[in-house]
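**Student:** Please work from the sequences and hints to get the whole structure.
Protein chains in written order, with our numbering: chain Z, 1 to 187; chain D, 1 to 584.
In short, the hints are calculated from the structure, not lab data. Because the structure is a prediction, the values reported are computed rather than measured. Treat each hint with caution, since some may be false.
Said to hold, decoys possible - Listed next, the in silico DSBU-like pairs over lysine-lysine satisfying Cα-Cα at most 35 Å (straight line): (1) LYS8(Z) - LYS248(D); (2) LYS8(Z) - LYS521(D); (3) LYS166(D) - LYS248(D); (4) LYS166(D) - LYS8(Z); (5) LYS48(Z) - LYS61(Z).
To be verified - Examples of chain D residues toward chain Z, derived with CB under 7 Å: (6) GLY439; (7) THR444; (8) ALA445; (9) GLU446; (10) ASP518; (11) VAL543.
Glycine included, each C-beta is placed from N, C-alpha and C at the ideal position.
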Amino acid sequence: MNIHRYEKLWLVAALVLIVGFIATITYGSVGLGIAMIDDEAETVNPEKLNEHEDFGEPGVKQVGENEYEVYVRAWQFGFDPGSVEAGLDPIEVPANSTVTFYITSEDVIHSFSVVGTNINTMAIPGEVSSVTVEFDEPGEYGILCAEYCGAGHHTMEGKIIVHPEDEYAINGTDVETGNDTTDETEA
Amino acid sequence: MSTFVDEYPTEARVIRMAFWSSFVALTLGAVFGFIQALHRTNVVRVIDSTDYYTVLTGHGVFMVITFSIFFLVGVFQWAVTSSLERGPVDIRFTWSWYGVMSLGTTLVAIPILAGFTDATDMSADVLFTFYAPLQAHPLFYIGLVLFVIGTWLAGADWFLTWWTWKDDHPDERIPLPTFMVLTTMIMWYISTIGVAISILAFLLPWSLGLVDSVNPLLTRTLFWYFGHPVVYFWLMPAYLLWYNVLPKLSGGRLFSDPLARVVFILFILLSTPVGIHHQYLDPGIAEGFKFIVMTNTMFLLLPSFLTAFTVVASIEHGARQRGGEGYFGWLGALPWRDPSFTGMALAGLVFSFGGFTGIVNAGMSLNYLVHNTFWVPGHIHTQVGTAVALTFMAGAYWLVPQVTGNQLASRSVGLFQVVLWFVGIVFMTNAMYRGGLIGIPRRTAEPQYQGFEYEPLVGSIAELDAQVALGGTLLFLSAILFLWNMLLTAFNSGSEPVVDGSLPPALSGPEDSPRILDNLKLWTALALVLILLAYSMPLAGIVQDGGLFGPNVDAFPVFVDAVSTAVDATVRRLPLESIRGLIT
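**Tutor:** Given below as structure tokens:
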């Protein structure tokens, strides 16, 4: 096959570039530890979430000294917990913590996207997404649904509040009562 | 000078009809796009936000399914007829696939447009990705299936034409335009299997109430099995024009026929086993499979890199034939006053930029940052919305005179129109890309939220909105100018087309390449093996975990199934029911 010299050079350069891209992304995954959402979490029955051990009562649970688990149910059109506008609690965790979110949907496909961060996952009925993140600093983040989910899609939002460590009052045993304490501390 | 319409009058009629169908869809799509650009930036809101998604579904379906694919079949029919120098085996068969495609489009359009009226329950507000359990009216799925069957028949028509040609020319290489059509159709046959299974086995029976539920992850994965190759299906007719027509327009010849064949073969092999890169953030698919797909996707850059070289080299050759000199001075010798040339050149420029943003999408860990943000429609509007659409419009300025026998109504309006499109897309997409990086989502009527604000890195939200609205307006005006020019051309009878439709041979012709490149069976078999490797295990895992028909998810909304779909209202969320009722 007759290929022009310049074209051969270009072909080699393109291949080098492609291998370079793959190496960079591989480094991001392995070297920096940016894991992909995967299939490790168990599947659930979206019709029976109320009977589910963790999704039956979604919320924040402390599982270690600085480790928390947050179970979130997405629905048309909100996050439980998270959707303050819909009268639900925000997601509240302390700074310097490692938090694993478990997210599922009870109706259609949604997303759980935390604005200004790379916390971003689909919420698919029947499937559970697990994302582990580290919150180093106190602050507030908005959550939105970035997957079209119906006529009220644009109203679906929520909030994560990362409290300073010494002001975070709940110890993870009971989120519902714990929140009152936190609110008072803030006020 | 004999033009296409003189030599092949019946074929020219089919091509004309395909183009007109395409332009009708473009009209609707452009109006809808204009409404969206002004609505989501809160400049002018003429519809309710809940209707935004009906508009968005129409924009997506009419633009990327109807406009692009009807134009594609027109270009492909022209390419096969002119390069094999023979018409279809039976023109009635040709008309039948055009008829099936038109019927399919109409059936799809009815439930989409019915979404605007409350007079009927019918709707299809599911966007062009139709992810279950969002459900469309059964007509939507039936229409899509018919449309795809129409394209399958069209492909069969072109293969039949080629087989009869081969009997008369047993030792000849497949002419390049026909080679491109056949390879593209092989890719299309392989990839549409996914969407056909998704609709026929799951979504259609489910929308008719024959099965109770579907597995949302399974139908979504089957969609993306088709959903990535479909973007190459839109792109291949643009490539066909870049490889065959653009070198001629610039005054020269295609640089390399063998490399063009290699590029199209790479698309058969690699465009399907990459679909999961649209699902990097989906649960239920193991990380390893996502990694395999990421590497496949990166290698899929190769054919586009090769195309960039060949196209630019061909243009440069043309410019030097026209007296261009120097390292960059030859650029000045190009026919910039020709709307066909300028439109395609600008489309190629935007495509190369958009290609790099695609690399960001494909980088799986980077995908967290941009997935489903405004960045993604930025990418799709530079690629499909410009590389493809602008090439089609530029191509129409060259092809429509040949298939109508009429002179283009106005070359200068055409030139203004393609430049206007370029300016509009630069305004709109740069703001989309930047908005996406700060977390603004795609596909939403109102990206303004109550509980938080975005933090732009540079500029402000108001400035981004202004650019999107301005860009969208310019694109709309450009589309209207194009359509008006086409309408005038259609009625410009009595004039002579001043287009030379002949295509010069490549500098390095097919004799420079091994014959194995024309062995379509071999490449098809290899493609199937690669797909089996990429898809069998993820699909098995999805079915094993979630069941073939899913974990009993209710449809939303429900059209036929009478089973109650009342959402399980939990005691602790009772007060919310009123709010949710208000929204829905």
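**Student:** Take the hints in turn and mark each one as holding or not.
**Tutor:** Hint-by-hint comparison with the structure:
1. LYS8(Z) - LYS248(D): Measuring from Cα to Cα gives roughly 24 Å; hence the hint holds.
2. LYS8(Z) - LYS521(D): 27 Å, holds
3. LYS166(D) - LYS248(D): 27 Å, holds
4. LYS166(D) - LYS8(Z): Roughly 32 Å between the alpha carbons, so the hint for LYS166(D) and LYS8(Z) holds.
5. LYS48(Z) - LYS61(Z): 21 Å, holds
6. GLY439: 4 Å, holds
7. THR444: 5 Å, holds
8. ALA445: 5 Å, holds
9. GLU446: Result: holds, 4 Å to nearest chain Z Cβ.
10. ASP518: 13 Å, violated
11. VAL543: 11 Å, violated
Hint compliance for this structure: hints 10 and 11 are not met, and every other hint is.
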